[in-house]
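Engineer: Sequence:
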Amino acid sequence: MEKVTNRESIPHVPPATFHLSPITTFLRALPKAEIHIHLEGAIQPATVLELAAAHGMLDSLPARDEEGLRRWFVFRDFDHFVEIYVTIQALLRTGEDFATIAYRNGEDMAAQGIRYRELTITTFTHTHLQGKELSIEEIFEGLEDGRQRARRDFGVEMRWVVDIPRNVSLKLGKAYDPFPADTTLAHAIYGMDYGVIGFGLGGNEVGAPPEPFAHAFAKAKAAGLHSLPHAGETVGPASVWGALNGLGAERIGHGVRALEDPALLLHLKERQIPLEINPYSNVCLGVYPSAEQHPFPHLDRMGVFVTVNSDDPPLFNTSLVAEYQLLADTFGYDRVNLARIARNAFAASYAEPVLKESLLAEFDGWVNDAQL
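The sequence shown begins at 1 in my numbering and counts up one residue at a time.
Source of the hints: derived by calculation from the structure; they are not laboratory data.
We treat Cβ as the ideally placed atom computed from N, Cα and C, and that holds for glycine.
One or more hints might be untrue.
Claimed, not checked - Simulated restraints, written as ranges between beta carbons of each label pair:
1) SER358 to GLU141: 18 to 28 Å
2) GLU67 to HIS215: 46 to 56 Å
3) PRO62 to LYS221: 37 to 47 Å
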């Protein structure tokens with residue numbers, strides 16, 4: 001996530017649950033994929049309480065009930081967002097904790113009709129920061145246990161994107177050996193046997209452009225990982241160009257600021273490079289002052305390959321269903337176009353070919369039966 005400065009007020013974001021209107025019922029039933037969501041930022045209050053109780057850390061929380069935590073989660077500003085994120089990360093202390101959050105993620109997927117997710121995890125913060133002694137082996141063994149049980153119980157599929165915390169990496173780069181980006185790369189390559197499909201770049205874009213990480217992305221792609229960096233959220237088109245030219249980006253996390261550069265828009269359109277767009281996140285973080293002013297429909301009309309995602313859903317009081325509801329309620333997307341956007345996410349995913357073909361066939365069959 002990206003830091004927004006000089007933001008005095010944050011627009012209200014509608015709640016993640018809606019009355020069961022016909023369009024909401026349709027959206028919940030519509031088979032969906034999600035390709036931009038952070039595992040640590042998707043942990044719901046009930047699981048936060050479960051983890052805190054298990055580690056005797058309830059006193060680290062501002063409330064001991066779900067409703068109190070939900071009130072704490074209501075977005076105020078970026079510093080508040082970081083406070084919540086750091087508090088949650090500190091609760092992940094064992095491999096079993098990662099199994100728990102992966103399994104709970106599968107439960108959430110089933111509740112929303114999400115068949116497939118690519119979730120980003122920032123492994124470096126768990127192995128080297130916050131005074132924890134977790135090994136990468138423990139993390140991935142836990143994640144594998146959780147996703148296998150979720151597949152068995154809910155019939156959902158998860159894959160992982162391991163990302164570099166760009167600001168931390170640059171800050172520690174001169175004093176830390178190996179360079180944190182290289183450590184993260186080693187984590188990602190190790191995790192390929194556990195469902196890692198991509199290599200990412202997260203954190204605040206300001207003062208941390210993509211180009212310094214080119215060497216790590218070149219090695220990641222050579223190892224068979226996909227290049228999936230964040231770019232073009234709080235920094236403009238230069239960040240997206242840097243991700244494309246310096247990192248060989250195959251998709252762009254966010255990328256909405258590409259709207260400011262006609263040449264970049266043409267490049268994205270001609271090459272059909274997918275954008276992983278997160279409308280409520282962009283509004284909460286002040287990239288756009290309101291949902292009505294979000295450029296999603298403009299990018300779509302211009303022929304850019306767009307997908308919709310939820311980023312850190314409980315922290316922005318959203319869900320994937322809520323993000324699709326925004327397209328319907330604010331931008332007037334009908335069922336045909338909602339289904340078109342939903343199919344984009346399956347098409348832009350990096351599920352292995354047999355799984356991807358199966359998911360697309362299932363989706364197309366559902367849409368055909370729905371007679372949109």
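Engineer: So which of those numbered hints doesn't the model satisfy?
Structural biologist: none
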